[in-house]
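Enquirer: Protein chains in written order, with the numbering used here: chain A, 1 to 114; chain B, 115 to 227.
If you're looking for bench data, these hints aren't it; they were derived computationally from the structure. Just so you know, not all the hints are guaranteed correct.
If you anchor each label on the Cβ, the simulated ranges turn out as follows [claimed, not checked]:
hint, chain 1, residue 1, chain 2, residue 2, range
1, B, 128, A, 41, 38 to 48 Å
2, A, 97, B, 117, 18 to 28 Å
3, B, 168, A, 14, 44 to 54 Å
For glycine and all other residues, C-beta sits at the position ideal for the given N, C-alpha and C.
The chain contents come next:
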Amino acid sequence: GAGVSQSPRYKVAKRGQDVALRCDPISGHVSLFWYQQALGQGPEFLTYFQNEAQLDKSGLPSDRFFAERPEGSVSTLKIQRTQQEDSAVYLCASSLGTRGNEQFFGPGTRLTVL
Amino acid sequence: GNSVTQMEGPVTLSEEAFLTINCTYTATGYPSLFWYVQYPGEGLQLLLKATKADDKGSNKGFEATYRKETTSFHLEKGSVQVSDSAVYFCALTPTGANSKLTFGKGITLSVRP
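Work out the full structure: start from the sequences and follow the hints.
Expert: And the structure:
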C-alpha cells in the first residue's frame with residue numbers, strides 16, 4: 001500500500017510569501033504529526049492531529065504557522081510571510097492509533113526561503 | 115522538558131567493524147525509546163524500539179537496551195555493512211496519550227568496504 005506522501009517535495013519562496021505544504025497520510029491512520037528539521041539537526045515537533053482535531057500545537061514557532069486537517073485525512077501546513085529562518089525540511093508522519101504506535105514518515109518538503 | 119542527547123559524529127567504520135552509537139535521554143516517568151534511520155535519499159523509518167526498562171529492541175542485526183538506571187539507549191551492531199551507511203536518530207515519546215517524538219541531533223555513519 002501507499003505510504004505517507006508529501007507535496008511539493010521542494011519549494012523555493014521569496015521572503016514574505018505564503019506557502020502551503022500538503023501531507024497525505026496512510027489511509028485509515030488516526031494520528032498525524034508535523035515536524036520541522038533544520039539542516040544538521042533532528043526533527044522537532046510542530047503539531048499533532050487526532051482525526052480532524054488539532055490536539056497539540058505547542059511546537060508551532062509563531063502565529064505565522066497554521067495547520068489543518070479538516071476531514072481527518074489530508075493535512076496542510078501553511079506558513080504566512082515566510083522568513084529565512086523558516087528554511088528547513090518539513091516532515092509529516094502518521095500512525096494508526098493514538099498511543100505509542102509506530103509513526104510512518106513521509107519524504108518531507110524542503111523549503112528554501114530566499 | 116524531554117530531551118535526547120546523541121554522541122557527536124560523524125562516524126566512519128570499516129565493513130565488519132563493531133558499532134556503538136551512544137544515546138542518553140532526559141524525561142519524566144517511563145518514556146518509550148526509539149532508533150530511527152534515514153538512508154540516503156529516503157525518508158525516516160523506524161529501526162527498533164523499546165517501551166519499558168530492560169527491554170531490548172532489535173532489528174536487522176542492530177540492538178539497543180532500555181537502561182533506566184543510566185537513562186541510556188545505546189545502539190549496537192556486531193558487524194556493520196556498507197549498506198548500513200545512513201543517519202541514525204535516537205528518539206523518545208513521553209508517557210501519556212500524545213505520542214509526539216523528541217529526537218536527538220542524529221549521527222551520520224559511513225561504512226567503508
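Enquirer: Run every hint past the structure and note whether it holds.
Expert: So, going through the hints one by one against the coordinates:
Taking 38 to 48 Å as the suggested C-beta distance range, the pair residue 128 of chain B and residue 41 of chain A does not conform, at roughly 28 Å. Taken as a hint, the range 18 to 28 Å holds for the pair residue 97 of chain A and residue 117 of chain B, whose Cβ atoms sit roughly 26 Å apart. A hinted range of 44 to 54 Å for the beta carbons of residue 168 of chain B and residue 14 of chain A is consistent with their spacing of about 53 Å.
When held up to the earlier numbered hints, the structure conflicts with hint 1 and nothing else.
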